[in-house]
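Asker: The residues making up each chain are set out below.
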Amino acid sequence: MFSSQIKSHEIIFGSCNKDLLEEIIYYGIGLGADFVEIFIENTDNSSVLAEEDFITSVSPSFVKGAGIRIFKGKKDGFVSTNDLTMHGLKRSVSQAIEMLDITDNNKRESFNGLNKHRDYSSSKKKWINEVPTIHEISEKLLVSTKSLKKNNKIITRKGSYSRNLQEIIIASSDGTYVSDIRLHQTVGLNVIASDAQYRSSGSRRFGSSGVPNEFRLWDHEKAANDVFESSMNMLYADYVDAGQMPVVLANKFGGVIFHEACGHLLETTQIERGTTPFENKLNEKIAHESVTAIDEGISEGSFGSLSVDDEGMEPEKSVLIKNGILKKFISDRAGELRTGHKRTGSGRRQNYSFAAASRMRNTYIAKGEHSKEDLINSINDGLYCKSMGGGSVGATGQFNFAVEEGYLIKNGKLTEPVKGATLIGEAKEVMPKISMCGNDLELAPGFCGSISGSVNVTVGQPHIKVDSITVGGR
Amino acid sequence: MNSKEITTQISKAADFLNLKKWDYGASFSNDYSVQVDKGEAKQLKASQKQILTLRVWNKSNLVGITTTSDISESGIKKALNQANIASDFGNKNERTEFSPLAKDPIEMKDAKKRNPVGIKKLLTLLREAEVKLIESHESIKSVPYNGLSESFYERVYANSDGAFRSYTKSQAALYLYARAEENNKKPRSSGSVKLGYGVEDIDIESCIKEASNKTISHLNYSSIKTDKYLICFSPESFLTIINAFSSMFNARSILDGVSLSNKNSIGEKLSTEALNIYDDGLHEKNISSSPFDGEGTPTKRICLVNKGRIVNFIHSESTAKIFKTIPTGHAGLGSKVSVSPDWIVVEKSEENFDLKTSLDHSTFEGEFVYIEELNAIHAGVRASQGSFSLPFDGWLYKNGKKISIESATVAGDIKYLLKNIVNIESIQEVTTSGISPHIWVNELSITGDA
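Chain order of the listed sequences is G and C.
Convert by adding 2 to the 1-based position in the first sequence; the result is the number in this note's numbering.
Convert by adding 176 to the 1-based position in the second sequence; the result is the number in this note's numbering.
Think of the hints as simulated: they come from the structure by calculation, not from any bench.
Cβ coordinates follow ideal geometry from the N, Cα and C atoms, glycine included.
Be careful, since some hints might not be right.
With the C-beta cut set under 10 Å, the calculated list includes, among others, these residues of chain C facing chain G [what the hints assert, rightly or not]:
hint	residue
1	S223
2	T244
3	D246
4	P292
5	I295
6	G374
7	D432
8	G588
Below, simulated BS3-like cross-link-like pairs (lysine-lysine); rule was C-alpha separation at most 27 Å, straight line [unchecked claim]:
hint	chain 1	residue 1	chain 2	residue 2
9	C	K218	G	K330
10	G	K287	G	K152
11	G	K283	C	K218
Here chain C stands alone, though its shape is the one from the complex:
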């Protein structure tokens, strides 16, 4: 069945069960991936998946939900029935409705959908990449974590009020994590990830080069003294931190009491006036962009922080209703509708007079710690308390020299971090999770072995 036929099927089954109000989100995908080990194919994978999430509203206008992989006539009937039963337990205190924007026109950009290249081509490309990466430096002995994949998928939203949206996309990903070993030294590992609409869009050579350079740059390492340091966050690591604490901008988290913000936080000063933060799911560099969210609301660019102050929260239909605003296109369909950011864009605002512009990661000669990549986010971030303690890969710059840090964590408080931003570099860099320049922060605690 195609998505139109599924919608018709659901409509018929709902009529049969006397269910007047329903909506659904569906996903249909075909994925192919390969992994290699020293020139040999290790595992080759293909998957065909379909998943349907159905919501129904009962006579008391309470919502129930069911998820199923069975899109046959009987599977759809069963799912509707189960959703109807679940609606008896619907949340009476926060009544969900269709998004008022579910039928608004959406901005359909060129999806840049590519054709599959096939497993054999994926395997050939990955084998070649592995060989090149190993040959790039004598200390690189293996590429233990590697993969090349391509996915083709369709997402659909429809409801009993006549809303119907769908889009199809393709996406490819390459990751290469090399392991380097030298005598009497600990093994070191680093890597690179590249995304594209299709395999032909992925710059494989730059992925190899980046993985190699990063890995080699960590070969000469030293432990770091536990102390407070001037920190330079790479674009990737700063975006990691912002995403980890995005509950500050999330209306769902605020209502659930797990955010550092509250309903009255609009206008609150969060950082230096030089900082702007946007969520921009439709950004042309966002390979995974979706034109609408789980409730069918169109995706759009929204300013979260303007000149250091919180100016907007992200919303679903129900949180928007409570906050007396409109949905922002950030909902995920579920029994309890979730809210999450799409693609964060960080930039320097016009009010940047108080920045120490001499702090530039490529020219500054004083002592600082450069944080390239933060790890173990799920374990080291307490979003509801604002604190973090995270291991990282990075370097200590001292006396004009740069040395890789053996093993260390950076710890602090997100509000302290944002308030102590001392420079936002001018050049923004595109990463897999958003766009940001390098960000400098004063006085964060680093724990090392020394």
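For reference, chain G alone in the conformation it holds in the complex:
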């Protein structure tokens, strides 16, 4: 499946490309580049969609391409191409050199050839034969959508699966020479429920990296029950009244708020832009002392885990905030060059057509000591956000998140479901208000879109209590 049509002087996946890669890098350095990086990928993707009781879409795709990045000082030029021949890659290097207007090539950086090949792919080549076939996927998706048909109020049922198998080669003028194969699988269920003028929806997404058998192990019955119950609970819900109130955010995908509202502000790309309020706050208190936050790429099977990042560095476990104190930023090569923060194995990109940037991987608030009930019991009048939708963060740090499934808290008890709630605030103001963390940390997969495209991540947290936040409603 990774066999390519072989031409002379062309990148061949699964073979040694050292000579060709070295020649390209020598070429770039010879033209005056300070640093040359080559990222090459070959992807084999499939997606399947089941609607009601039929498979309505099967979409395979195959893409090959290279992204070449040249640094001169702190400037960089990036060129991407589908042409993986020696000629095509050299042309891309020339284009990047020309873009950077490099004409003085007297002060040449040295390049001593590529280091020993670090091959993370050798044990993964069998994966393609271990992932479920389209036939197997289709059968299980159809069983899953059938499981959603629990009453006649469910008017739309969908199940979707996608599998991304990405083979990569990374080589750069600091000697880095790495190969890897990555496997990401994700499966989702969605329903729309309707009764007269009432409508609600429910959705859940599951995902993993590097676990070929994961889809077979997926408990579709449990997932279907969860989605169905969520849509039924919300079907007749009233709109929430807007106002300031304490909230409890559920674990798993509740962590999306930390990811969006705070995590992005801890990426070095934000320091480069001057758009993070935390730029000069290292070793200062930026959150409540109950908050410890981590970003890592090493949890086995998690959607944001990597053997190696897109710049050839093994990912580390980065404690970003320890007991409320800011300890670290998430950094990539350009981030280290431009801000001085050491790389953390977080250089990531959607594909070859994006230059890598500092991006989150598995990002979560560490567990605390409280039970979920402790958090809810501590609130007289507030909101429990059981399931979060998406959200966004503005250019000056304000965030806005939709609550997909919410319940009012009255006198320490969960009461009626409410819809239409959004959580509005600013990270700098909200982080000190996270006063209680539960003991039930769980992660959830998602896709994060930012400067270097859409990448697989997990978000996570235990149940947490925010003492006061603006809840948008009607």
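For this one, chain G is given, so just place chain C on it according to the hints.
Answerer: Just chain C, lined up with the frame of chain G:
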């Protein structure tokens, strides 16, 4: 290979594999972009991309599809093979065919294709724009989000029945988002985007001026009391809302059960009789116009709402067949063909007697909220339920004064919004996503911090 050669290559490979019926859509592009940071080049990008989407029909007339970047002889054969395998899973309940209009003549307007100016020129222009924007006001400290790009592309559709269409275009874009800071105040940010056929068509000065004026106008801000307000939507924000709920006019969404409309919604009263909505992909102001869609159907202007009533849906080949009509030129090629609007045009109809014409955003002296730009659309819109809750940039007009709103969301229901339109101003404005006048709506909920 050029597009004719690719078509020949596919035809040969299909014959070799005994595949009688096929079609494809392809895109070939060269893109160049620059970003700057305080006078220095930050990132300079160039990309060359090719992507080919192939569909084949098997002996049972079921469709399979594959997408590939490999347009070599072997790449095309592999893609055809994979599409053939995928066709075993083709949708038996909704059989896709070629568009009956795929060979109809198309309206080929002057593409106004420009030549590349090159990275160095892009960089020089963007550097100058950044400096001018920063110098335009002492509070503007940086332009953290900026970019100038130019793209050159070709799109192709062809099928085994002899249809062949292609067009080439160029497009340039400039965006400038400034950040302003003042002592003891929160930073404020706003910006402007301009599109053109080429860099020479972009009015850089007006982009700088607009970004500066918008940013400065938000420096004096205040929180807003949570309440219901009379709202004036800017043309851009109203188009954002209409596009977000365009599934109301989308036959694919109706068949999938994710639209507020149903098959019988033609004729349904949606709003005041004063409202007309069109989709007009070929509009002369639409820089991104395409003369045909993913199935090769010619693009055309279509009326969606006439005098407040739904009059048409947008279609692909298969949805048109189900609705017993013709495709409208809104299909996107895929295993499941998607349908989406091109360019929305909103206007005041002749039946506008019930409008409160005293509501004019430039002269009205009463209290109202002006919504300049809506944000976080992907998170705050529930298209299948009709509800929205969206953060926005805007102002509160009160007692003859205008003050920027610090941080707030507007929430409501699209059907309520459309039914409560109280004025449609006369002057239409061109935006990057369509054309609309200012639209006034009674009583929408605003949540603020106060």
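Asker: Now tell me, hint by hint, if it's right for this structure.
Answerer: Evaluation of the provided hints:
1. A least Cβ separation of about 4 Å between C:S223 and chain G falls short of the 10 Å threshold, and the interface hint therefore holds.
2. At its closest, the beta carbon of C:T244 sits 5 Å from a beta carbon of chain G; the interface hint therefore holds under the 10 Å criterion.
3. The interface hint given for C:D246 is met, as the beta carbon of that residue sits about 6 Å from the closest beta carbon of chain G, less than 10 Å.
4. Interface hint status for C:P292: violated, as the beta-carbon distance to the closest one in chain G is roughly 12 Å, over 10 Å.
5. Using the Cβ-Cβ criterion of 10 Å, the hint placing C:I295 at the interface with chain G is satisfied: the shortest such distance is roughly 4 Å.
6. At about 19 Å, the closest approach between the beta carbon of C:G374 and any beta carbon in chain G exceeds 10 Å, and the interface hint on this residue is violated.
7. Among the interface hints, the one on C:D432 holds; its C-beta lies about 7 Å from the nearest C-beta in chain G, closer than the 10 Å criterion.
8. Interface hint at C:G588: satisfied, since its Cβ lies 7 Å from the closest Cβ of chain G, which is below the 10 Å cut-off.
9. For the suggested pair C:K218 and G:K330, the alpha carbons sit about 24 Å apart, so the restraint of at most 27 Å is met.
10. With a CA separation close to 50 Å, the supplied pair G:K287 and G:K152 exceeds the 27 Å bound.
11. Taking the CA atoms of G:K283 and C:K218, the gap is near 25 Å; set against the 27 Å cutoff, the hint holds.
Hint violations for this structure: numbers 4, 6 and 10, all remaining hints satisfied.
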